[in-house]
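Participant: Chain by chain, the residues:
There are 2 protein chains.
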Amino acid sequence: MKIRGIEKKDRPALKTILKAQEHFRPAEVQVALELIDIALTKPDQQDYIIGLAEGDDGEILGYICYGKAPMTDAVYDLYWIVVHPAFWNQGTGTFLLRHAEKDLMRRQARLILIETSSLPPFASPRAFYQKHDYRELARVTDYYAAGDHKLIFGKTITH
Amino acid sequence: MKIRGIEKKDRPALKTILKAQEHFRPAEVQVALELIDIALTKPDQQDYIIGLAEGDDGEILGYICYGKAPMTDAVYDLYWIVVHPAFWNQGTGTFLLRHAEKDLMRRQARLILIETSSLPPFASPRAFYQKHDYRELARVTDYYAAGDHKLIFGKTITH
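Read top to bottom, the protein sequences are chains A and B.
Going left to right, the first sequence walks through residues 1 to 159 as our numbering numbers them.
Going left to right, the second sequence walks through residues 1 to 159 as our numbering numbers them.
This is chain A alone, in the form it adopts within the complex:
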């Protein structure tokens, strides 16, 4: 397993991986694709940085997307960690997250934030963030929809 940058030829595979996420709503797939397209067409921006996990046979296992939170001094948002369901529970998510955290250390990040939903299908991502020392810093009740709260998880980076 290795990390590499994103290329135009990866887009169809990434779309397939996104559509295979049963807990994603269509709007989420669309927003995730928009961020991929920004990363592809404007490689020099640091709003949406993508790292891709590639298996030993060259297959794409998943990707991570993160970027600078506008108007902050050194806060980064972690937008998506997406792994193809066929490769779940094999450490790919952890591999992607550690790569992003190392990169963000280099970029002098002070705080990494992850927003997620309070609903049951998101219990597994929430447990994953908590295992990696992200703590709930704030929540906006009834954000995504009535009864579907936005939880803001965060991890402070010490340099």
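It is possible that part of the hints are untrue.
Since copy identity is lost for identical chains, a pair holds within one copy or between any two.
[Said to hold, decoys possible] In silico DMTMM-like pairs for lysine to aspartate or glutamate, Cα to Cα no more than 20 Å straight-line:
hint, residue 1, residue 2
1, Lys19, Glu136
2, Lys68, Glu34
3, Lys19, Asp133
4, Lys102, Asp47
5, Lys155, Asp142
6, Lys68, Glu115
7, Lys155, Asp103
8, Lys131, Asp44
9, Lys155, Asp56
10, Lys68, Asp148
11, Lys19, Glu59
12, Lys102, Asp73
13, Lys19, Glu54
14, Lys8, Asp148
15, Lys68, Asp142
If you're looking for bench data, these hints aren't it; they were derived computationally from the structure.
Following the hints, position chain B against chain A.
Facilitator: For chain B alone, coordinates are given in the frame of chain A:
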């Protein structure tokens, strides 16, 4: 005083108004201008909607920028209410906010959110939001910078 949509010829005046906001940091002026440019070049999107307040002599008094929060069912973010300092305390902010709220009622908004800073220069905007029934729903400590928290104000719309 009347409300109208934004046109290309308004950009220099809006930039002047943004630069005259002493409590705005350069990064905030830049982000605000980016949203103005999206509204100008893609008038059909509903991510960044702009309403402009024009005085009786055709002068631009200020503007309001708001839009749909991605991945929510019917939540809108109110990004900026900006009034030229020469026209402060004459009701322009309230005029712009009421216009946006009426428009968002029509768009079936369920919740309107406003993010702001905890720092002293933002005491006046915070008091303005509270006067108009926005309440602090959540806060992210040390968001914009160490000691500079992000406050998320919100108002539920009843139809």
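Participant: Let me make sure I understand: some of the numbered hints might not hold for this structure. Which ones are they, in numerical order?
Facilitator: 1, 3, 8, 9 and 14
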